[in-house]
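**Student:** The hints should help you fit chain B onto chain A, whose structure is shown.
There are 2 protein chains.
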Amino acid sequence: MDEDILYHLDLGTKTHNLPAMFGDVKFVCVRGSSNRMKAFEDMQDICTGTDRYCMYKTGPVLSINHGMGIPSISIMLHELIKLLYYAKCYDVTIIRIGTSGGIGIEPGSIVITDTAVDSFFKPQFEQIILDTVVTQNTELDKELAEELLKCSKEVPDFPTLIGHTMCTYDFYEGQGRLDGALCSFSNEKKLDYLQRAYKTGIRNIEMESSVFAAMCGLCGLKAAVVCVTLLNRLECDQINLPREVLLEYQQHPQKLISIFIKKRLGRYNPK
Amino acid sequence: MDEDILYHLDLGTKTHNLPAMFGDVKFVCVRGSSNRMKAFEDMQDICTGTDRYCMYKTGPVLSINHGMGIPSISIMLHELIKLLYYAKCYDVTIIRIGTSGGIGIEPGSIVITDTAVDSFFKPQFEQIILDTVVTQNTELDKELAEELLKCSKEVPDFPTLIGHTMCTYDFYEGQGRLDGALCSFSNEKKLDYLQRAYKTGIRNIEMESSVFAAMCGLCGLKAAVVCVTLLNRLECDQINLPREVLLEYQQHPQKLISIFIKKRLGRYNPK
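So the protein lines, in turn, are chains A and B.
FYI, the UniProt record's numbering numbers position 43 of the first sequence as 43, with every residue one higher than the one before it.
FYI, the UniProt record's numbering numbers position 69 of the second sequence as 69, with every residue one higher than the one before it.
The hints are simulated quantities; they were obtained by calculation from the structure and are not laboratory data.
This one's a predicted model, so the numbers in the text were calculated from it and none came from an experiment.
Hints may contain errors.
If several chains are the same, the list does not tell them apart, and a pair holds so long as it fits within one copy or across any two.
[Claimed, not checked] Only pairs whose alpha carbons sit at most 20 Å apart, straight line, appear in this in silico EDC-like list of lysine to aspartate or glutamate:
(1) 263 <-> 157
(2) 262 <-> 91
(3) 255 <-> 235
(4) 222 <-> 188
(5) 262 <-> 106
(6) 199 <-> 154
(7) 26 <-> 118
(8) 190 <-> 118
(9) 14 <-> 179
(10) 14 <-> 244
(11) 14 <-> 2
(12) 57 <-> 147
(13) 222 <-> 3
Pulled out of the complex, with its shape left as it was, chain A reads as follows:
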């Protein structure tokens, strides 16, 4: 192509010098919400001409939000991966930092995902390409997960564990919630489902990890998913934490990733 327009990022190969802007990127942090991102880094948004996504850069660390759900994060990943390619970046580590519902673990815990699984507990992502269903691998980088778990020893305030993460297309019925506008099953069916999920090693549920693992795997990016749990789904469906607790929980994965990046850059000074 003569020119490639990264439409949803409002960037392009002719309008922007991508190697100069992004060539030194070594870490990409992706998050659902843009507010949470601004709280993390007080910077100028790079994607100024669109409100689809926001992007901030601090030295070798690029932060982008991805909205909610598989389709939204997949659009961002396609354009981000093209951006990293055009910018001639190499040795890039990409981490999704998010919130999730926990299963059988204490709210505020962090789950580092080893494998993303679908609603049927299968370690795969089904991608529809033209009218064919293609099954993709959803394993994440094992060494990176272990390195992150090691970093978590530096933050004793909250438990961190490695486990499977279930990735769904729906927040309500698709995650066994009884409190949506529609609900077609009983509390017993819900608990049976979540307990079966727990038995297969699933420790949290969110909505982006499977396509994230699949695409990063196919494109050779070392990837991790690090999510805090906001509730224990065996106990409730509603997120009714006081705002200050919610904000504090959302800081947990950011604290961990901050230590990880500082260690990698040789700039970590434990207090």
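**Tutor:** Relative to chain A, chain B alone:
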């Protein structure tokens, strides 16, 4: 439930007087992007405590953005439908105003959806509930579509038609684009797929209509999907319109809906 927290809207039945705030709502306009919404109505965002969604109200018209993709719009719809229920709203018409890729029609045209179809051209939405796949109906309100088509005669600047809309989970490979970070098929396969789609009556492709049609249908809301097409996918994959043309095209469905609402309210004065 004693209290229902509409988490992603930052509203709740105990913290907000929903009947007083929303009881008079008769029209809900839903859009992907919040910027486009602000351009339409210069108002105070109601969902102040979250950046997941923005919401604006002008008399009986409520506007909300839904992000990109089926999961993102479905979270919003669950919470919006609960909100309308708690606020005791009745006779509500809900319209998704969006952008899309056209098939075999001139860019800038408006497609009013009669039925949303999936990637296999089937008029259905497959919802995963616990570990069961449930098939839901995706037909939209026929009378409302005809009423909107009639309103389009008042705006002769751009062609408007009724057709099927294909709803996909992915913007790149899932819509037969060759320009994503990954592509596993040829231009011939792409064109064959899009031409077969055209032959079944599909005139545009977007990423939210199927779950929107299914949920609104199940909850008894009269619903329409009105999208402008930004390109003809039989000719290209990239959205490379000059910014002013893009902004003008995005106004097309808004102009149509504005006439529709004014007519319904008996306030339409053709110039």
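**Student:** Determine for every hint whether it applies to the structure shown.
**Tutor:** Here is how each hint holds up against the structure:
1. 263 <-> 157: Answer is within; shortest intra-copy Cα gap is 19 Å, inter-copy 59 Å.
2. 262 <-> 91: within (16 Å within a copy, 56 Å between copies)
3. 255 <-> 235: neither (27 Å within a copy, 48 Å between copies)
4. 222 <-> 188: neither (39 Å within a copy, 33 Å between copies)
5. 262 <-> 106: neither (27 Å within a copy, 52 Å between copies)
6. 199 <-> 154: neither (29 Å within a copy, 61 Å between copies)
7. 26 <-> 118: neither (29 Å within a copy, 38 Å between copies)
8. 190 <-> 118: within (16 Å within a copy, 28 Å between copies)
9. 14 <-> 179: This pair counts as between: shortest inter-copy Cα distance 16 Å, intra-copy 48 Å.
10. 14 <-> 244: between (45 Å within a copy, 18 Å between copies)
11. 14 <-> 2: So residue 14 and residue 2 pass the 20 Å test inside one copy only (9 Å; across, 56 Å).
12. 57 <-> 147: neither (23 Å within a copy, 48 Å between copies)
13. 222 <-> 3: neither (28 Å within a copy, 43 Å between copies)
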